[in-house]
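Hints are included, so try docking the two chains, each in its own frame, into the full complex.
Those protein sequence lines, which keep their order, are chains W and E.
Under full-length UniProt numbering, the first sequence has 203 at position 203, and the numbering climbs by one with no breaks.
Under full-length UniProt numbering, the second sequence has 1 at position 1, and the numbering climbs by one with no breaks.
Source of the hints: derived by calculation from the structure; they are not laboratory data.
Note that the Cβ used here is the ideal one computed from N, Cα and C, for glycine as well.
A couple of the hints might just be wrong.
[To be verified] Each computed DSS-like pair below joins lysine-lysine, with the alpha-carbon atoms no more than 30 Å apart:
1) Lys28/E with Lys78/W
2) Lys28/E with Lys162/W
3) Lys109/E with Lys162/W
4) Lys162/W with Lys106/W
5) Lys182/W with Lys129/W
6) Lys106/W with Lys129/W
7) Lys182/W with Lys78/W
8) Lys93/E with Lys180/W
9) Lys78/W with Lys180/W
10) Lys180/W with Lys162/W
11) Lys78/W with Lys109/E
12) Lys162/W with Lys112/E
13) Lys182/W with Lys162/W
14) Lys210/W with Lys93/E
15) Lys28/E with Lys109/E
16) Lys129/W with Lys162/W
17) Lys129/W with Lys78/W
18) Lys109/E with Lys93/E
19) Lys78/W with Lys210/W
[To be verified] Partial list, computed: chain W residues near chain E (C-beta under 10 Å):
20) Ile35
21) Ser39
22) Leu55
23) Pro58
24) Ser65
25) Lys68
26) Tyr73
27) Lys106
[Unchecked claim] Computed spacing ranges between beta-carbons, pair by pair:
28) Lys93/E with Thr188/W: 44 to 52 Å
29) Asn88/E with Lys186/W: 40 to 48 Å
30) Tyr142/W with Ile92/E: 50 to 58 Å
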Amino acid sequence: MNIWLILPVYNEGARFVDVLTAILSLHPHLNIVVIDDGSVQPVQIPTQSKTVTLLRHPVNLGKGSALKTGAEYAFSHKAEAIIFMDTDGQHLPQDISMFIHLLNQKFDVVIGSRRPSLHTPFVRLFGNKLASIYINVLFGVYVSDLISGFRALSFRAYQLLKWTSPRYGVETEMIAKLGKNKHLLKYTEFPIEPIYIDKYKGTSIIDALKILANTIWWRLS
Amino acid sequence: MVEALLGIQIIAVMFAAFMLYVAFVHRKQGNITRREFVYWLLVWVSFTYFALNPRILDPILARLFVTRAMDLLSIVAFMILAYLGFQNHVGIKSLQRQIEEISRNIAYKNAKTKKRP
Numbered sequence: 001m002n003i004w005l006i007l008p009v010y011n012e013g014a015r016f017v018d019v020l021t022a023i024l025s026l027h028p029h030l031n032i033v034v035i036d037d038g039s040v041q042p043v044q045i046p047t048q049s050k051t052v053t054l055l056r057h058p059v060n061l062g063k064g065s066a067l068k069t070g071a072e073y074a075f076s077h078k079a080e081a082i083i084f085m086d087t088d089g090q091h092l093p094q095d096i097s098m099f100i101h102l103l104n105q106k107f108d109v110v111i112g113s114r115r116p117s118l119h120t121p122f123v124r125l126f127g128n129k130l131a132s133i134y135i136n137v138l139f140g141v142y143v144s145d146l147i148s149g150f151r152a153l154s155f156r157a158y159q160l161l162k163w164t165s166p167r168y169g170v171e172t173e174m175i176a177k178l179g180k181n182k183h184l185l186k187y188t189e190f191p192i193e194p195i196y197i198d199k200y201k202g203t204s205i206i207d208a209l210k211i212l213a214n215t216i217w218w219r220l221s
Numbered sequence: 001m002v003e004a005l006l007g008i009q010i011i012a013v014m015f016a017a018f019m020l021y022v023a024f025v026h027r028k029q030g031n032i033t034r035r036e037f038v039y040w041l042l043v044w045v046s047f048t049y050f051a052l053n054p055r056i057l058d059p060i061l062a063r064l065f066v067t068r069a070m071d072l073l074s075i076v077a078f079m080i081l082a083y084l085g086f087q088n089h090v091g092i093k094s095l096q097r098q099i100e101e102i103s104r105n106i107a108y109k110n111a112k113t114k115k116r117p
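So here's chain E without its partners, still in its complex pose (with noise of 0.2 Å):
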């Protein structure tokens, strides 16, 4: 039996849609490697997959507890979420150490000192 598709589960497959272009446009211009597009393209395609047939999650859904699959989609959403975050820190934190090494060490090459005669 075909179920009607639900507003969020239309919201939900043109944001893959669109998550899935922008990975896609990056991979073209070699923002990403390949790897990294397969990957993006495994996540989006998952979750249009769960988002289309959140029947699927049933059995998990009753072991855990949670009343919903959008509640469950929630819930490992925001852990990525939060680890993605993290990983962000962490990288703009190594980066921001590099600039400032670098830019410590030109200053000091490019020093210029003013003696009077």
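The shape of chain W in the complex, shown without the other chains (with noise of 0.2 Å):
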């Protein structure tokens, strides 16, 4: 099976680079690539990189656009499913085989969900919890991590899964979309580890009251 990873990335400075470079050693023919979505300081990629291509934004879009320039890119050069990583060293590259090999079960979905641990933030394991929940009564389907951007789509998932979010509600748009086509697409998770980071990025209170509003307009629609 053809299949492509997907790197988005905003000024993650050298984090990034240690990211793929544990990516290249442990996956060296993996197709690659990365959207670098208007970071300050654009995006280099290190030389002993094998084949992968590099997308640059002119201006900061927001990581559902950049997914999608990532998707599209990748399948109209035949790729038939992709894995989005997220590249600020939160997700681990060992992981990546794992999608591989459900993909090759021919999964359409393959969500890579961060294993509760005690190093958890108390609110994001909350809110976290309660919006799968939400959603799964809104939409039928339940998503123990929703906000994971470990994830993995076949080309059919991704037709039936397009997302119009800009920025970071679209992780929660998919699975609302899976909820919507779940009779015609097989899905999956499986536990990963979870490496928090900062604090602060991610998904803000803000963004998840707009997410939250924005679950309505997907339900009706």
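Next up, the structure:
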């Protein structure tokens, strides 16, 4: 199966280089698309990269738009499935193998759900759990880590789950659409090791409220 | 008989004068067209006129069962703001979509692929 890895980057600096180097050492033959979402310091690809494509947005559009840019590029280059991974170091490149394995098992949607641990901030744990229950009530699909950015989609799934959220709502929108198309798609989740880095990065309470408002629209539309 | 101006009327007139100045500055800078400037000129001159002569609105107030001219002006202002807010929302969404599309096309055009020799 032709699987591509999509890496959205925004102002990650050296952290991204470490992540990419680790990925390349484990998966040297994987096609990788890096989307620099208008970083202040433009992203540089290490010279030892085998097949890495760098796409750069001239302005910061948001994570949802960056993922879409990468997905469209990969599928237009004959990718059959894509894996999204955050580049701030919170996901382990070792878990990519599991995604590849499950995609080869014909799963359309694979979600790497962060396993709750003693290091998980309580607010995140509680908020995430509450959001999962809420989405389950609204869309009839339960995903234990709704906002995990480590996930994979087949081409069929991408066509059905194509999102419009330009920013952080993208993960929730995908799950909402998965709920509406769950009879057409084979999906699964598996536990991944959580690494919490920046307390103030990711989805804020304001983002969460906006996403909450959008869920009503996604349900009605 | 000349009535003394109320504090709220003075504030209304000063606000209208300020908004007219803002419209004038933007017209001078070429940010708004002549037509848009005339539109805003009419809006703020009318606003000043009604603020200074609220009794003119009495027949309308009675018909609409609104007690004070100030209440009517507040309702009208809220409706105008709601309309402008919606217009802005639609305009910004459209611009966002266009910027996203342009940025994506630029990214694809300048795609850099590294291959090991």
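Quick rundown of the hints versus the structure:
no. : hint                              : verdict
1   : Lys28/E with Lys78/W              : violated, 54 Å
2   : Lys28/E with Lys162/W             : violated, 45 Å
3   : Lys109/E with Lys162/W            : holds, 22 Å
4   : Lys162/W with Lys106/W            : holds, 19 Å
5   : Lys182/W with Lys129/W            : holds, 20 Å
6   : Lys106/W with Lys129/W            : holds, 28 Å
7   : Lys182/W with Lys78/W             : holds, 25 Å
8   : Lys93/E with Lys180/W             : holds, 25 Å
9   : Lys78/W with Lys180/W             : holds, 27 Å
10  : Lys180/W with Lys162/W            : holds, 12 Å
11  : Lys78/W with Lys109/E             : holds, 18 Å
12  : Lys162/W with Lys112/E            : holds, 25 Å
13  : Lys182/W with Lys162/W            : holds, 14 Å
14  : Lys210/W with Lys93/E             : holds, 15 Å
15  : Lys28/E with Lys109/E             : violated, 39 Å
16  : Lys129/W with Lys162/W            : holds, 24 Å
17  : Lys129/W with Lys78/W             : violated, 37 Å
18  : Lys109/E with Lys93/E             : holds, 24 Å
19  : Lys78/W with Lys210/W             : violated, 35 Å
20  : Ile35                             : holds, 7 Å
21  : Ser39                             : violated, 13 Å
22  : Leu55                             : holds, 4 Å
23  : Pro58                             : holds, 5 Å
24  : Ser65                             : holds, 5 Å
25  : Lys68                             : holds, 8 Å
26  : Tyr73                             : holds, 7 Å
27  : Lys106                            : violated, 29 Å
28  : Lys93/E with Thr188/W: 44 to 52 Å : violated, 35 Å
29  : Asn88/E with Lys186/W: 40 to 48 Å : holds, 43 Å
30  : Tyr142/W with Ile92/E: 50 to 58 Å : violated, 35 Å
The structure is inconsistent with the numbered hints 1, 2, 15, 17, 19, 21, 27, 28 and 30, although it conforms to all the rest.
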